[in-house]
Every structure is written in C-alpha cells, then in structure tokens.
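*Asks:* Chains as they are written, first to last, in this note's numbering: chain A, 335 to 574; chain B, 335 to 574.
FYI, nobody ran anything at the bench for these hints, they're computed from the structure. Positions of the beta carbon are idealized from the N, C-alpha and C atoms, including for glycine. Treat the hints with care, as some may be off.
Derived DEER-like restraints, expressed as beta-carbon distance ranges [as the list claims (entries may be wrong)]:
1. A:Gln412 <-> B:Pro377: 57 to 65 angstroms
2. B:Asn452 <-> A:Gly381: 33 to 41 angstroms
3. B:Phe529 <-> A:Arg535: 25 to 33 angstroms
4. B:Asp401 <-> A:Val539: 30 to 38 angstroms
5. A:Arg367 <-> B:Glu504: 55 to 63 angstroms
6. B:Ala433 <-> A:Val539: 30 to 38 angstroms
Rough simulated footprint, nothing fancy, chain A against chain B, three-plus residues with beta-carbon under 8 angstroms [claimed, not checked]:
7. 364-376
8. 548-562
There are 2 protein chains.
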Amino acid sequence: MILVRPQLGENIGAAARAMLNCGLGDLRLVDPRCRWPDPEAWPSASGAVSVLERARVFPSTAEAVSDLSLIYASTARQRDMTKPTVTPREAAVEMRRAAARGVRVGVLFGPERTGLDNDEVVRAARILHAPLNPDFSSLNLAQAVLLVAYEWRMASECSITPHRLPRPLELPATAGEMENFYEHLEEELERGGFFEVPEKRPTVVRNVRNVFARSQLTRQEVRTLHGIITALAGPRGRRS
Amino acid sequence: MILVRPQLGENIGAAARAMLNCGLGDLRLVDPRCRWPDPEAWPSASGAVSVLERARVFPSTAEAVSDLSLIYASTARQRDMTKPTVTPREAAVEMRRAAARGVRVGVLFGPERTGLDNDEVVRAARILHAPLNPDFSSLNLAQAVLLVAYEWRMASECSITPHRLPRPLELPATAGEMENFYEHLEEELERGGFFEVPEKRPTVVRNVRNVFARSQLTRQEVRTLHGIITALAGPRGRRS
Chain A
335 MILVRPQLGE NIGAAARAML NCGLGDLRLV DPRCRWPDPE AWPSASGAVS VLERARVFPS
395 TAEAVSDLSL IYASTARQRD MTKPTVTPRE AAVEMRRAAA RGVRVGVLFG PERTGLDNDE
455 VVRAARILHA PLNPDFSSLN LAQAVLLVAY EWRMASECSI TPHRLPRPLE LPATAGEMEN
515 FYEHLEEELE RGGFFEVPEK RPTVVRNVRN VFARSQLTRQ EVRTLHGIIT ALAGPRGRRS
Chain B
335 MILVRPQLGE NIGAAARAML NCGLGDLRLV DPRCRWPDPE AWPSASGAVS VLERARVFPS
395 TAEAVSDLSL IYASTARQRD MTKPTVTPRE AAVEMRRAAA RGVRVGVLFG PERTGLDNDE
455 VVRAARILHA PLNPDFSSLN LAQAVLLVAY EWRMASECSI TPHRLPRPLE LPATAGEMEN
515 FYEHLEEELE RGGFFEVPEK RPTVVRNVRN VFARSQLTRQ EVRTLHGIIT ALAGPRGRRS
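One chain only, chain A, in its complex shape:
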C-alpha cells in the first residue's frame, strides 16, 4: 500500500491498522505532508506498530513503485483517462493471481483532500474504483486502504469461515433426543388442552417441531428445554 503525500499521521496509523487486520505489512509513504514519524499515527494504529516501524518513506511516487510490476491507482472520482477501471473485488482476484506468479503488486492512494494527480494515475496499469454511493463517494484514506486490503484477504482461499457452531464440545442433539423432547412437549400440551381442534393437531405439531428443528439444538439445550417443560407443567405424569 502506497500513500502518496498523506496529510494526517492519524490516517497513516489507521491505514496501518487496517493493513495488519488483513495480514498486510508493506506500507510505503511518498513525501508525507505531516512530519514522519508522526506521533499522531501511533494511537490510531492501535497496536499495528510493526507496520508503522517498517514503513518506508520515498521522495517520489516513481521511486516508491520502482520495484513493483502491477500498479493500481485508487480514485474516488472518474478520470478522463483511457485505462481499465476495476472494483476492489475484481482487483483482488487479479492481484492474487499476479502475486501467485511472483509479480510484485502495489496500490497508490492519493492525499486526503485532492486524491492522486493525473500524472500519478498514469503510472498505474488500472484504475481502482469502489462502486459506492455516487453522490457521496469519497472515502476516508484509511477506509479506502481497508476496502482494498479486505478484498485482498477475502480473495484468499483460506479466508472462508465455515458455518460452524463455535463450541466444538457441545454436540448437537441426535434425532432420537429431539424426538424424546417433542414427545415430552406434546404429551404435556395434550394435558394442558392445547390442541383444541383435533383436526389441526398435525399441522400445529409440525409447526412447533419446525421451530426447534431449525435451531440445531445442542444436547445441553435439549436438557434445558425438558427442564422448562417440567417447571411449567410439573413432573411427567403428575397431572395424569
């Protein structure tokens, strides 16, 4: 990530934090308009100190990108320039593909107030433009860095979180255990006069079972629900 003439140390810190959030560490600063190192950067980096300490400062954009082979210019407004424009999501796939071939990739971000100069945009192979609200499209600098870093991270295969229940030792109840629970519940509902219209009973039973089937109850939760029925209706058979 290459920040061109950044104005606020605070934004540099926040960009460093966003980068480390996404597992990135190579931050480059071109001719920063704040002093550097700027103490304002450290609080907003919130622990991403390694990124700030390793940040390199270059006098010009040309020098900052000289070792890179695929360069993107991040812009909020349309540029009158014949150059392919890609979204951060499209760019991420392309960048991953390039990086896997050993290509060094970089993204240029302009100063907070003005964005990149056209001369800087020209250096890039692609314009990177996030398809945001056209009436309010200017992102904060660190937010723009985050979107690109985030898409980079999401484009990796290992970043897919499985749809898992986060307590591995809490096993889901078996169908047999669920059946016991349904029977307990329905027996007590019968006693409580819940099934007023006998013809509707199958539908009602199905709807009630559906509620619990959907939640993928754990064994512990099924025990708790048995306890609830007993607390509400008294122990099994008490009323019979």
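Chain B: place on chain A using the hints.
*Replies:* Chain B in isolation, oriented as in the chain A frame:
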C-alpha cells in the same frame, strides 16, 4: 447500524461517513459514552451531516432494536455461544433477501474497547465476524461499520433471487415481540421454580433466549409459543 455505548464522537462521525458512502442512513446510538451531539463527530463525518442529524439515541439496546426482526451482532473475538457465525459477505446476501421481503434488519456494534456484552450478542440471530488476521482481528469501530455497509452495497438487490412473498404472519417477529415472549416464559418459569440457583439465573436465561433468538421465529410461531406456555402453565397469573 446500531452503535452500542460508543466512546468516541470521532468514530461515530467516521461511521456515518462510511454509511453514506454505501448509501445507508439509519444510524442508532445506544447510551453513547461521549456527549451527544458531540462536536468531534462532525469533522470525521466529512459531509455526512444528514446521517448524524438523523441519528437516534436510545437508552438501551432492547429499545434500539425493538422494531427490527433480523439482528446481527458484530464481534471480533469468538464467543462461547451456540449461534451461527456469518461473514459480512454472507450476511449481506441474507440481509438483502430479508429486506426484499420487508424485514427490518440491524447490525449491532459494541463499544470500542470491549465489544458487545454477551447479553447483547444473545439478542441477535447471527454473529457477524469478518475473517481477518487472527493475530490482529480487532477493527476500528468505523472500519467495522464500513465493511458491513460495503458488503451490503456490493450485494446489490438485482443479484438476489427473489423468494416467494410471505404472508404477514410468516414475517419474522420483531425484537419487541420476542422480548414479550421471553418475559412471558421467564415469568412462568419463575413461578414453576425453574430457577433453583438464583446466581445461575442470568446464564440460564441467556441460554434459553439464545435458543429462540437463533431460530428467527415468525410472528405466528411466537403466538404459538405463547399458547404453549399458557397451555402448560395456565393463563398468566393463574397460579399467583
């Protein structure tokens, strides 16, 4: 977007900017720890004044979400709670689908330092967790808001297959309706002597609520469950 006990006006402003960047405007604040309106919010909103001016303040999370039916709890760390975890990308598709059916959707974000309490996470149907660097996963508050708002924007309505339009009773219950149901249940459990060990009551209540929060009950199902409690325990107040 619902910011729970936000500490810094600056972050509220940056969150408002990120929301408007993505075309969102309904910002809710629960018991802000900074004064509100906080002049610190305006510079970081950078023009997203409409969002700040329309932001509503609520004394509690329960009140802030009472009209919503699909609630996500944004967390950076794993919670010891049995509840589906989704990424912002997965959530965005689900949210778009729900919104297309007229379901009101909200995302809870916790205080900067501590994140959401477990009691607040329990209110949500889903845990929202971005698959970032596991060694440095805590996002700045406004950055977290941006990722969710950005994914919402990227999951444009036209990419979602419409489902059959549901009948009104098939719509998910609001958080207010769920709260009524929990209160009815807990009142009867109290009478039935379910809470044997008073110190354990909060944990037990949380686990029981979690079972139902996870299943995204419809209004009809909530009615049925009220009926079940009444059938099991007798009409409200009968035993008192």
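*Asks:* State the violated hints by number, sorted upward, taking the hints as numbered earlier in the document.
*Replies:* Hint check: 1, 2, 7 fail, others pass.
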